[in-house]
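Residue strings, one per chain:
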Amino acid sequence: MIECRNVSKSYGSNLVVKNLNLEIPDGQFIVLIGPSGCGKTTTLKMLNRLIEMDSGEIYINGKNILNMNPEKLRSGIGYVIQQIGLFPNMTVEENICVVPRLLKWDKDRCRKRAIELLEMVNMPYEEYSHKYPNEMSGGQQQRIGVLRALAAEPPIILMDEPFGALDPITRDSLQDEVKSLQKRLKKTVIFVTHDMDEALKLADYIVFMYNGEILQMDSPESILRMPSNDVVREFMGKHVHNFTPSQLICSDLMKTKVFKTTEDKKTLECVSIMSRNEIDSLIVVDEEDHYKGVLSIETVNQRGKAGNIIHDLINADTPVVSMVTPAKTAFDMLSEKGSEYVVVLTDEGKVAGIITKTSMSKALASVVWGDTV
Amino acid sequence: MMDFFMKYGNKLITAIITHLVYVLVSVSIGFLIALILGILLSRMPKLSKLILPLISVFQTIPGIVFIGILFLYLGMIPTTVVIALTIYAVFPILKNTYTGLLEVSEEYRDAAKGCGMSPIQILFRVELPLALPTIIGGLRMSTIYIVSWAVLASMIGLGGLGDFIYIGVSTNNNTLIIAGAIPSALIAVSLGLLIDVLRKRVIPKGLRRDML
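Protein sequence lines, in the order shown, are assigned to chains A and B.
Each residue of the first sequence is one higher than the one before, counting from 41 in the working numbering.
Each residue of the second sequence is one higher than the one before, counting from 2 in the working numbering.
None of these hints come from the bench; they were simulated from the model.
Just to be clear, a hint being listed does not mean it is correct.
Computed footprint of chain B on chain A, listed as stretches where at least three residues anywhere in the stretch have a Cβ under 8 Å from a Cβ of chain B [claimed, not checked]: (1) 100-114; (2) 122-131; (3) 138-148.
With a cut-off of at most 25 Å between alpha-carbon atoms, the simulated DSS-like pairs for lysine-lysine come out as follows [claimed, not checked]: (4) A:K147 / B:K12; (5) B:K206 / A:K171; (6) B:K201 / A:K152; (7) A:K368 / A:K345.
Heads up, the beta-carbon is just placed ideally off N, CA and C, and yes, glycines get one too.
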């Protein structure tokens, strides 16, 4: 478990990480993402003290990293960088064994480890162990870079845009390999990228950073469904509405601008709200915003008397759904029950929005023709 | 020809040995000093921008002047020659050590640090090996310089191949001049070749490809 508490870092007057709080559970693949300059690399490098924080505390498994010897800390955490950084004066085997040798493993143990690791990425020991980095392709080099980070079996691996300089095909296969290694070896990986595709593919949790702050930390699924604000939404760009229709849920397509009234209002008041906004019904809620029912102009017309409160006129027949109900269900309700709309409720029973036939068709159009909403 | 060797053979051999000793001793001492200074200076690049030009001013003082001044203070002893030559040997190696270390790209330092190496380990396992081609380039340059500067030893009566050249010049004896000049040239060329061989041996295979 890694815990950052109120961590801040500035360069001169430029505050690059602001009061950051973050908890990373063991064995998870965490991706730090955000536009450049958002503080993600700084955050990463503060974890192994390549950059020293100005204030705050970081605990790894309950130990304050400031109380640890920085070299010892680093040799216990794997580290992979974008420029690969294999030492050109060392062979593949020597490169892999850098950290084990720093930790004074004996020769046999180092060699065994190198054999084992090379096997994991399907690079036969006999063929590769004596090669120098400049005799290999970028993809092979970064495989070795990853192995170097894994060599001393650290529980935590930090990766700073490790595949940014590779061609798309190599990148794709390295992503697969790293993800499967991480799962198999149950490592905690903290991975920095600015590539949303990469983040969505790899992450158990995505931490979205902007201007030195965490805007959202969520699973890829939820960050896609519910970007916490416009910055996140914009950064996700094409991904946000890029579902197949079967994956859409109600919160994706509801209208959040809803006209509400409370049950103690009088009929004429409600009718005037309707006429002003050119609608024919109102959502009725109680004082705490909990959904009560719907007041339609027909009911007022048939049974209402001027000056009475609307309490008795509320109709609770309108179908309701929750935010995560599949959109398909809402669609079926609309077409089968013939109602004008369905009401979307939050977990607490509050009104989140409504889905009309129009909002449904807009959402479907965006799936078919792209982001038109 | 035979006559010449009969007459000067022993002297020539002594001169060559003296010359070689001057070169080897002063280049070795110079190499050590330059290496240490270069490493120190590379740790403080800002200060080095002031110090390096200062040292290079020394380099512009003509050797004759310098040996002459040292002679006044130290007298006619081999140390005078060795000190003067050492100082001349330092600069090319120092400069190359310094630039070689600074040229080690940040990615390797970053990676080494991230692996948990201490500054000393980074220096010996990463920075120096990577700077080695440049450092040895400086050593080669120094050695060849010093072979020719060592001729000046005879100016203060301390032997070496300079003896032949100076006597030859002052007595207008071309044979003597050539007898001094050819061995100096040969020493310079062969030491240069020797260092090339050394360079091939000590530079890790992984770096050789980028060298040529």
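>> Of the numbered hints stated earlier in the document, which are not met by this structure?
In response: 4, 6, 7
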